[in-house]
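Asker: Chain residues, written in single-letter form:
Protein chains: 2
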Amino acid sequence: MQQAINDAFLNRISAVQKKFPSYQVNGILFSNISNIRYLSGFTGSDGVLVLSSDTAWLLVDGRYTTQAAAEVQPISVVQYQNKIQGIEQTVKELGLTKIGFEASFVSMEMYNDLTRSLKKAKLVPLGDELRLLRAYKDKHEIAVMKKAAAIASAAVATALACEIQPGWTEQEMALQLEMTARRAGAEQIAFETIIASGENAALPHAQPTNRKIRNGDFVVIDFGVKYQGYCSDETCTFAIGELTVDQKNAYRAVLQAHDEAIASIKAGIAAADVDALVRRVLGKKYSRYFVHGTGHGVGLEVHEAPRLAPNSQDVLNAGMVVTVEPGLYYPGRWGIRIEDTVFVKENSCEIITKMKKDTIIE
Amino acid sequence: MQQAINDAFLNRISAVQKKFPSYQVNGILFSNISNIRYLSGFTGSDGVLVLSSDTAWLLVDGRYTTQAAAEVQPISVVQYQNKIQGIEQTVKELGLTKIGFEASFVSMEMYNDLTRSLKKAKLVPLGDELRLLRAYKDKHEIAVMKKAAAIASAAVATALACEIQPGWTEQEMALQLEMTARRAGAEQIAFETIIASGENAALPHAQPTNRKIRNGDFVVIDFGVKYQGYCSDETCTFAIGELTVDQKNAYRAVLQAHDEAIASIKAGIAAADVDALVRRVLGKKYSRYFVHGTGHGVGLEVHEAPRLAPNSQDVLNAGMVVTVEPGLYYPGRWGIRIEDTVFVKENSCEIITKMKKDTIIE
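Residue numbers (the working numbering), protein chains in the order written: chain W, 9 to 370; chain D, 9 to 370.
Keep in mind that a hint or two might mislead.
A pair counts as met if it fits within one copy or between any two copies, since identical chains are not told apart.
What the hints assert, rightly or not - Pairs of lysine-lysine, BS3-like flavour, derived with a Cα cap of 30 Å:
| id | residue 1 | residue 2 |
| --- | --- | --- |
| 1 | K293 | K91 |
| 2 | K147 | K362 |
| 3 | K155 | K91 |
| 4 | K292 | K91 |
| 5 | K154 | K220 |
| 6 | K127 | K274 |
| 7 | K256 | K362 |
| 8 | K147 | K100 |
| 9 | K128 | K91 |
| 10 | K292 | K364 |
| 11 | K154 | K293 |
| 12 | K274 | K292 |
| 13 | K130 | K220 |
| 14 | K362 | K130 |
| 15 | K364 | K256 |
Hints were generated in silico from the structure; no laboratory data involved.
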């Protein structure tokens with residue numbers, strides 16, 4: 009098993025190296041830690057992965073030398089005192105002259121430091137070239153992401169059975185939810201848990217407060233965990249007590265937009281078209297209360313490429329894992345969001361999050 | 009109280025605006041979310057704060073419009089569909105022509121996008137100028153950081169009383185520790201909890217495993233929480249059962265280095281001198297097993313300026329909050345780290361973390 013995983017990392021590195029000619033580079037510096045983990049298996053928080061056309065070196069500071077050596081073999085691990093000097097030395101030893109870097113990650117300051125330090129080498133910004141580096145998930149990644157999703161969904165189901173009722177505060181529910189997931193094997197939460205009730209649900213990214221849930225509330229729970237580094241992401245909206253006709257209709261509209269969007273997803277569909285479909289289904293009455301994009305890729309980071317939004321240029325393809333999360337937000341009143349994470353296949357998509365979304369209006 | 013806090017934000021903005029002439033700018037774009045929170049009080053995850061010489065606008069996407077308007081008044085909130093276009097429009101309306109940006113944060117890609125978009129304006133990289141922006145804490149920040157530290161220390165004390173004993177796994181202990189802190193009011197953890205026992209303690213940034221604690225172990229617990237956005241950071245090393253003479257001597261050496269470093273800290277001392285003192289106290293026998301820097305600033309981020317390390321150019325000054333965390337790491341065997349967070353004053357420093365560090369060798 010470990011061997012198979014190590015092979016997967018080497019295959020990913022090899023796939024990048026094969027693109028060197030088209031990128032017009034003979035080496036690449038990776039400093040985004042998620043990209044480094046994706047390519048090498050290193051789970052630390054800081055480092056640089058340097059690829060030449062036929063080798064890979066992981067540069068780390070002294071905190072990570074022992075850990076990295078255990079995690080990334082057969083990749084060579086080099087310890088640096090100073091990151092820029094470590095890169096300079098490595099570039100020299102590997103004879104790199106045209107060096108790609110992550111344009112969307114490397115800061116101006118680091119770029120200037122590298123330019124000063126690597127006088128003879130040419131630095132080549134790689135932006136669009138690396139945008140989808142982690143977007144296509146392999147079998148192992150899908151399995152891990154399903155496990156993450158299952159843990160998180162089960163925790164929400166437990167919360168629904170025990171805590172989502174009048175008297176509980178948002179903060180108490182968030183704590184219980186996270187504990188349940190951790191006990192079930194989650195390494196950590198994937199993002200700050202959102203539990204937003206009543207008027208707080210009108211804030212798409214609300215933080216849990218000490219507001220007590222009461223009758224007539226919508227409660228939006230947006231929850232995800234990490235398992236083996238991979239994130240899950242799912243949102244349920246629950247109703248406390250009786251819904252008004254307006255609330256029921258709004259929920260039905262969001263659910264229909266969510267369902268139709270998911271039904272439309274398959275290899276080859278433009279991400280912007282999925283977003284447009286959601287807005288079309290929501291219609292004139294609701295779409296102006298849908299104040300964010302329809303979804304995003306998920307993986308080692310909870311938000312990664314591709315992006316499902318009006319101005320997205322991305323095309324969905326088999327192997328991608330993305331969220332579909334329409335919502336409506338009525339400031340000062342209430343809000344609704346329904347989100348599943350789906351795995352894109354050739355002719356359809358598979359929902360990997362587990363909570364049923366239609367129970368609220370049954 | 010809320011008014012006083014709002015005034016604090018406006019004072020911070022005003023302090024930055026006063027430096028515009030020396031930075032040779034008539035505006036600054038802030039996109040680092042911690043800097044934005046520091047200057048405006050906005051607690052969301054994405055946005056841009058634009059300062060002109062006499063005003064401040066917070067640009068956010070639709071997810072945050074309602075939340076931002078509630079959090080940052082009297083600062084104007086502007087909603088964008090596309091971040092770069094939002095910046096372009098704002099720069100035009102405010103008439104900015106020489107615009108500073110965070111050189112250590114803005115990526116090459118964003119810099120290029122801004123350059124294309126803001127044709128007539130000059131972009132001015134601000135690196136060293138903004139490095140210490142958040143380094144000097146005011147009274148309110150110190151009070152909040154003390155509360156964060158107290159919550160975390162109390163959780164470690166509870167763990168010491170109940171869980172740090174043979175049979176518990178690192179993961180179980182991490183979960184209990186985090187739950188205790190959350191119940192006591194922590195918003196979330198400040199960084200991934202480190203609980204490293206036995207040979208795992210030789211990894212400075214170990215992740216909790218299912219290894220069971222056993223007699224003869226050192227257990228390193230590096231734990232911090234967030235309270236009102238501010239982080240705490242503290243490390244205790246506990247002994248399970250009897251220590252060997254080697255272990256006792258090593259612990260004493262680390263404690264002495266920790267104590268002498270803290271005794272040396274006051275306004276005006278060079279951060280590199282504190283680091284050098286630690287290495288001098290550890291001496292030839294131990295210092296080569298001390299594989300990281302002595303400490304770092306703490307605030308809205310758990311690692312921020314200044315830096316206490318051999319090559320640091322920083323000088324510690326009254327109002328800064330920094331960690332002092334010498335450690336020894338014997339790969340495959342055991343490790344020790346002792347860390348407190350201190351508030352630098354004119355003639356000394358005040359330890360704000362609460363666990364006693366000398367009980368292990370009493």
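Asker: If a hint holds in the structure, say so; if it doesn't, say that too.
Answerer: Comparing the hints with the structure gives:
1. When the C-alpha separation of K293 and K91 is checked against a cutoff of 30 Å, the pair qualifies only between copies, where the shortest distance is 27 Å, while the shortest distance within a copy is 54 Å.
2. In the homo-oligomer, the alpha carbons of K147 and K362 lie at most 30 Å apart inside one protomer (19 Å), although the nearest pairing across protomers, at 47 Å, exceeds that limit.
3. Taking CA atoms no more than 30 Å apart as the test, K155 paired with K91 passes in neither setting, with 36 Å inside one copy and 35 Å between copies.
4. When the C-alpha separation of K292 and K91 is checked against a cutoff of 30 Å, the pair qualifies only between copies, where the shortest distance is 25 Å, while the shortest distance within a copy is 53 Å.
5. When the C-alpha separation of K154 and K220 is checked against a cutoff of 30 Å, the pair qualifies only between copies, where the shortest distance is 28 Å, while the shortest distance within a copy is 32 Å.
6. In this assembly of identical chains, the alpha carbons of K127 and K274 never lie at most 30 Å apart, being 47 Å within a copy and 40 Å across copies at closest.
7. In this homomeric assembly, K256 and K362 come within 30 Å of each other (Cα to Cα) only inside a single copy, at 22 Å, whereas the closest approach across copies is 52 Å.
8. Taking the shortest Cα distances, K147 and K100 never come within 30 Å of each other, neither inside one copy (37 Å) nor across copies (49 Å).
9. In this assembly of identical chains, K128 and K91 lie within 30 Å of each other by CA distance solely inside one copy; the values are 18 Å within and 35 Å between copies.
10. With identical chains, the CA atoms of K292 and K364 are at most 30 Å apart within one copy only, with a shortest distance of 27 Å there and 63 Å across copies.
11. In this homomeric assembly, K154 and K293 never come within 30 Å of each other (Cα to Cα): the closest approach is 36 Å inside a single copy and 49 Å across copies.
12. Only within a single protomer do K274 and K292 lie at most 30 Å apart by alpha-carbon distance; the minimum there is 26 Å, versus 63 Å between protomers.
13. In this assembly of identical chains, the alpha carbons of K130 and K220 never lie at most 30 Å apart, being 59 Å within a copy and 50 Å across copies at closest.
14. Taking identical chains as interchangeable, the C-alpha atoms of K362 and K130 are never at most 30 Å apart, the minima being 49 Å within one chain and 51 Å between chains.
15. Taking the closest pair of Cα atoms, K364 and K256 come within 30 Å of each other only inside a single copy of the chain (17 Å); across copies the shortest separation is 57 Å, beyond that limit.
Comparing the model with each numbered hint stated earlier shows that hints 3, 6, 8, 11, 13 and 14 do not hold.
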